[in-house]
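2 protein chains.
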Amino acid sequence: MNQIQSYINEHKDRFFNELFDLLKIPSISADTAYKSDLLKTAEAVKLSLEKAGCDKVELCKTDGNPIVYGEKIIDKNLPTVLVYGHYDVQPADPLDLWDSPPFEPIIKKTDLHPDGAIFGRGSCDDKGQMYMHVKALEFMVKTNQLPCNVKFMIEGEEEVGSPNLAIFVKNNQEKLKNDVILISDTGMIANDIPSITTGLRGLSYVEVEVTGPNRDLHSGLYGGAVANPINIITKMIASLHDEDNHITIPGFYDKVEELSKEERADMAKAPFNLENYKKALDIEAVYGETGYTTNERNSIRPTLDVNGIWGGYTGEGAKTVIASKAYAKISMRLVPHQDWLEITELFTKHFTSIAPKGVKVNVKPHHGGQGYVTPIDSIGYQAASKAYQDTFGKTPIPQRSGGSIPIVSLFEQELKSKTILMGFGLDSDAIHSPNEHFGIFNYLKGIETIPLFYKYFTALSK
Amino acid sequence: MNQIQSYINEHKDRFFNELFDLLKIPSISADTAYKSDLLKTAEAVKLSLEKAGCDKVELCKTDGNPIVYGEKIIDKNLPTVLVYGHYDVQPADPLDLWDSPPFEPIIKKTDLHPDGAIFGRGSCDDKGQMYMHVKALEFMVKTNQLPCNVKFMIEGEEEVGSPNLAIFVKNNQEKLKNDVILISDTGMIANDIPSITTGLRGLSYVEVEVTGPNRDLHSGLYGGAVANPINIITKMIASLHDEDNHITIPGFYDKVEELSKEERADMAKAPFNLENYKKALDIEAVYGETGYTTNERNSIRPTLDVNGIWGGYTGEGAKTVIASKAYAKISMRLVPHQDWLEITELFTKHFTSIAPKGVKVNVKPHHGGQGYVTPIDSIGYQAASKAYQDTFGKTPIPQRSGGSIPIVSLFEQELKSKTILMGFGLDSDAIHSPNEHFGIFNYLKGIETIPLFYKYFTALSK
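Just so you know, the sequences run in chain order E and P. Just so it is clear: in the first sequence, position 235 is 234 by numbering that gives the first Met the number 0, and no numbers are missing. Just so it is clear: in the second sequence, position 128 is 127 by numbering that gives the first Met the number 0, and no numbers are missing.
Excised from the complex, chain E in its bound form (with noise of 0.2 Å):
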């Protein structure tokens, strides 16, 4: 057992309890409601930091919620490691799918997980993730290994689109002054595959309103003589993707990258096995744009799903109404060099002009950003590489992810600097949806991991 493992070993229950009190807050972004929750997280983080030995942790003010800024720096003439991460979680609901209350952090095991996974919403995404590099600071800190400078900017605001993360990156240039930026907000292939994101995909997120009659009706006495809003919003939906699930935005695809047979049959050599994809997710068929596999179309393709939907009666029982008004929340996930608010706008600007008269549309913008990819042969990707040979006994295989994380092609023009996307959580650990979770291994290993990072990138950096 090597030093960092001793450590880990020796104060891994304190790291444990450390992390629950971080998920028992309920700082869920998308709902104003729990305001004060993200505060207290906020207070809870930067506490945290102070504690791991940041010389300067402070509160910075934004329209939304605070950012948790902390550094130390221990020679300008060193590297500087910036770690961006976030605070907040996404909403909990539907509340009766989880097996345990999502803000009570428990931990128990899963066939994936045999040492056990920390249950609770933002296990994993982010607070799991975040704070292990906490914690590898500490360890580097208290060992007097830490090899070079590092900043924290850890965010509240990640899971409603950053609405301020850009504002504050603009103007705090020289403050995020870096040589790389390291997120753990990402997931690998399995336990025993390590793997580094190399790319991410943009998002259009928008939310859609079609009005129908001035008031809802009965359907009896105008069922079949007036466009109902409901009705109508299935046909406009369903008609945005075509029989070979071609999305029918005009332009829609006229900028997307189109990736060569080689770059095709390489992606295609990572282990994948579609029968146990479609059992775990208990589907008879994967679903999707026909010519591309079930990776290609979750990674290196465009995508429009509906993230909700509402209108009319929904309660018990029967209501035969005609709605005034109907609902939907779409996104829209982008590859490189499509530009979301293009996008966005292309979208609206066609939804619009497929509805039938006899209804009205209104397209609200909420939020989005662009794709990003990261280069191979970068000095940030090697050390990377190296710490997970180190830790895992493996070279990781780099990956593109289906996910977004809207503010790192910005921290790219804003910053100058690469992005390296160290995630250890699985597919598997339902972020973002009820029971999530994070492997007790993951965790550990991304704090045993992390410092190996630090060390080869001032290594590599001289």
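These aren't lab readings, by the way, just hints derived from the structure by calculation. Being a predicted model, the structure only gives us computed values, none of them experimental. Keep in mind that the hints are not guaranteed to be accurate.
[To be verified] Just the calculated beta-carbon pair ranges, DEER-fashion:
id	chain 1	residue 1	chain 2	residue 2	range
1	P	Ser35	E	Tyr252	53 to 63 Å
2	P	Pro162	E	Asp253	49 to 59 Å
3	P	Ala32	E	Lys268	51 to 61 Å
4	P	Pro162	E	Ser352	41 to 51 Å
Virtual Cβ for every residue (Gly too), placed ideally from N, Cα, C.
Fit chain P to the known structure of chain E by using the hints.
Leaving out everything else, chain P in the frame of chain E:
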């Protein structure tokens, strides 16, 4: 002023207050939370029938809400009128669209009701219209003018499809024996254009559930690679109409009654102003089946409307989730000769068949009923027509309604008698919608007209 008008004038404040007391009880049959309110309402209706002069009144137990039965038999050789009505009401949501609380009745003036209208859930559908019959009986009994026998059957499950009334009717054929059935649960064209409903549409109401993956998924990691049940349900529902807004369910139109050119020409004579119709609903255009007028679309043609849809994240802000399940409530209005059980089966078979692999579909039939047409040469219709001529000074127009009272065709089948639909509401009274109301003119005119029906029906029966 004749005797009935004088009686109404003298007692109208009491007539309002008594109705208000009924309207204050939230007897929502679709929601089991209101179970005790339904019982309370049934008891209030029982008491009102006793006070009005019924000899024998009882609450008849069912597997659901009780049926209030009352009768006054004056001579077994005279004809018997059976009055049917219901004391349950539609749910009141969306509550925020009500200008005054739904269960705190209040009189306010409107453009179409310059004398004022009673606002409150159930004011028109059907507590107000049912109570006209109670007060008409009171007049006839107190003034010794009841010319025949009368029976009342007031149920508490009409808004959920009368699941227990059919059994009650089947088991009580002798008790319910009658010569004509009288119902006020429909509307008329305008306060100066009286009409009598001669046709009702049938109904099939179903709830559909589409299940994709076995849990909610992150739309970034899985988006584009698995069937999203919300996207799928929109596609499935959209495909139920073709571009001419014909319903695509195989066999759906097989038994639809096709009206002759002459009948359609007769229908077209009913007063209808398309511009006013659109203006009242604030819509730019009407919408419906190609080849039919608005009045035809909502009366002689079958329809398919989504009454409610839900799935995924519908809260504030954004959540990037692929829901495990999506739901919709769908109702089909049917025309004479379409059998609702057969249509429900055709729907179920078709909807299940169009589901792509990768989702599971469950169709749950809610309730339904057959359509109905009443002949205008019957004694009952003639008696009603004469009554309206006396009180409105005009011959009422026979009119097909788009609404459904599923129980009416069962009455004919089981009790072998015709139903006369003397409805006094207006289409604009917002039944099933926020701000439901019932004109004071209409309420009192109903009380005035009903005794004349009894008079003419008894005379014509001799």
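What hint numbers does the structure not satisfy?
-> none
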